[in-house]
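Trainee: Listed here are the chains, written in short residue letters.
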Amino acid sequence: MTSPVTRRGLLLKLGIALNAVAGLALAVPIVGYLMSPARRKSMRDALTWIEIGELSAFPEGQTRMATFRNPSTRPWDGQTADIPCWVRRTKGNEFQVFAVNCAHLGCPVRWFPQSNLFLCPCHGGAYYADGARAAGPPPRGLFRYDFKVENGRLWIKGGMMPTLGNVIAAGRAPKGSPCA
Amino acid sequence: MRLIRSTLGWLDERLGLGAAIRETAAHPVPRRSASWWYVFGSGAFTLFLIQIATGICLALVYVPSAGEAFKSLQVLNFEQPLGWFLRALHGWGSNFMVALVLLHMIQVFLFGAFKFPRELTWMVGVVLLVATLGMAFTGQVLRFDQDAYWGLGILSSIAGRVPVVGGQIVQIVLGGPIIAGETLTRFFALHVFVIPGLLIGMVGLHLLMVLKLGINDYPMPGRLVNRDTYVAEYEEMVRKDGVPFVPVAFQKDLVFAGLMIGAVFFCAAVFGPFGPGGAPDPTIIQTVPRPDYFFLWIFSIAALMPPGIETFALLVGPPLGLLFLFLLPLWAGVGEKSWRRRPVSVLAVAFAVLGWGVLTHLGCTSPWSPVMDAWSAMPVPARDLEGKGAVVRQGALVFQGKQCRSCHALGDAGGRRGPALDDVATRLTKDQLFRQVLQGGGNMPAYGTNLSPAETTALVAFLETLHPANEPAARDASQAAPPVR
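Line by line, the protein sequences are chains A and B.
All residue numbers in the first sequence are consecutive under our numbering, ending with 180.
All residue numbers in the second sequence are consecutive under our numbering, ending with 485.
The set of hints was computed from the structure by calculation and includes no laboratory data.
Keep in mind it's a predicted model, so treat the numbers as computed, not measured.
Honestly, I wouldn't trust all of these hints.
Coverage of chain B stretches by chain A, computed from C-beta distances (three or more under 8 Å per stretch; other residues unrestricted) [unchecked claim]:
{"id": "1", "stretch": "3 to 15"}
{"id": "2", "stretch": "102 to 113"}
{"id": "3", "stretch": "148 to 154"}
{"id": "4", "stretch": "244 to 256"}
{"id": "5", "stretch": "275 to 281"}
{"id": "6", "stretch": "292 to 305"}
Listed below are several chain B residues computed to face chain A (Cβ distance under 7 Å; list not exhaustive) [said to hold, decoys possible]:
{"id": "7", "residue": "G175"}
{"id": "8", "residue": "G176"}
{"id": "9", "residue": "F271"}
{"id": "10", "residue": "G272"}
{"id": "11", "residue": "I285"}
{"id": "12", "residue": "N443"}
Glycine included, every Cβ here is placed at the ideal spot set by N, Cα and C.
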């Protein structure tokens, strides 16, 4: 015969084990819920082709701002889902589409046609017309979107705020050069 | 009066807390610790209570939705009766609370209160510091305006620099691929549930330890902390020369807390609420994002650091600094308490305060930022044009039109990113001016592709005239040498 003390001990151990399993079972959906924005699929799906305007809106040799509604959006996003970008039409169907976010820390760069520079209001980053780094703390040139022209309209592949961790169009960014 | 007493008696019969409360209130503290230097902690705690009260009031009206938050802030400011005042109290309360937490920390550090046996009290205090700063940052995000939006952009750009998983971290911080609805609700949950819960728990722990271990004795130079004898010495001191916490020490806490509440009330009534600034619309890029004052120093560091070490410094610096603070009592837990015999500690505090002050001042003026309207808003000083020929005047036009003024000042007006050019001709010769304009360098963009030869010639002609009357322009010595016979 086993003594009552052992039986109580067994019940305690059983209770702890049961709660550990239940806690683990509970943690899986909670952690999954919290981490869901970082799933590879949701990150890959964030980038889609977005139409940003007719070609006639972008005169040759000029840099203009275009805005688009972010493709993945919630009904309560309000104006935050309206994303701007800089479109430079070099000639014909040759374009460069830059994110407004400075490659340094994400502030919105402004285009100045007088000096042909993009200037950042936060820490003084400066970029040439082709997006290459000109001066200041940015570690690289402006982030660039992939683009295509279809039926007289300009499309870009966007939908994600560019940072150094998730370059929107990998490999297409101009390297910083001292003289562009 | 009798009714109150009988009610309290009725309650105490059932709760049995009266004796414990009386004992806690009357617990003896060292006579010299009932000092005005010891009031900052209770002051910060009082402000925390105000933050809870005003925060709950604001949550009754505020809408944590990216599309509606800005409008609800406008309603709070302009329509909700006294909404502006509650916002002002919460905003000023936060400023004062951060300031008092920092003062409390400096005092505790200089008075050696983090040493044995109060190491854990300090470590919990470091957690409280992080939580307070977390409240300050998330609160700044809830004031959902342009500064909040681009502040989130800066935060995610720093997170994006984490090697390998940077992109994933940005997604988790933002709750999606861009700063939008789910970003705001995340920071709302942090500001209203997660961090306050942590703060309340940790404050409770902090106070419990203060009661259990006793208020730090006022440091005496030469009275060293020894792990084997300190507790007995402290108990002896309190027994021989202790005073009851209430009222001897408490009355000073009470007066200071009252003054702080008065100061918050005064600032809120006179200066009003903070913002919101412009609407959080990312397509409005005519904005100059700046963080609130307690984060301006980080903003300044981000502008002034060499780009090469920036990622490392941004990602490794803050955790390392906090880890150092956290582990400090384990490393320096015994020995001298008095700041009079700890010169390195005093210098470290002086350095930190001075550095913080200088960086904050720089953040306010941000001389590294181009003055983007200087080219059209600030005319060339008349003295630089008087009696000058057509080419020089044309050069002045180029100088303004090509926005050189965004970074270079003339007559004390203009950007300060580059050097002021009032005497540039004394520093650079004509050839050097051409080279600098066309090729840039030294953190100046190259203008070679942006200027026609005629424009460049005119611009350099103008720059060559910029020297004081009593200082001649620089000459190229090789050009000026007499011809060889």
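Trainee: Checking against the hints above, which ones are violated?
Mentor: 1, 2, 4, 9 and 10
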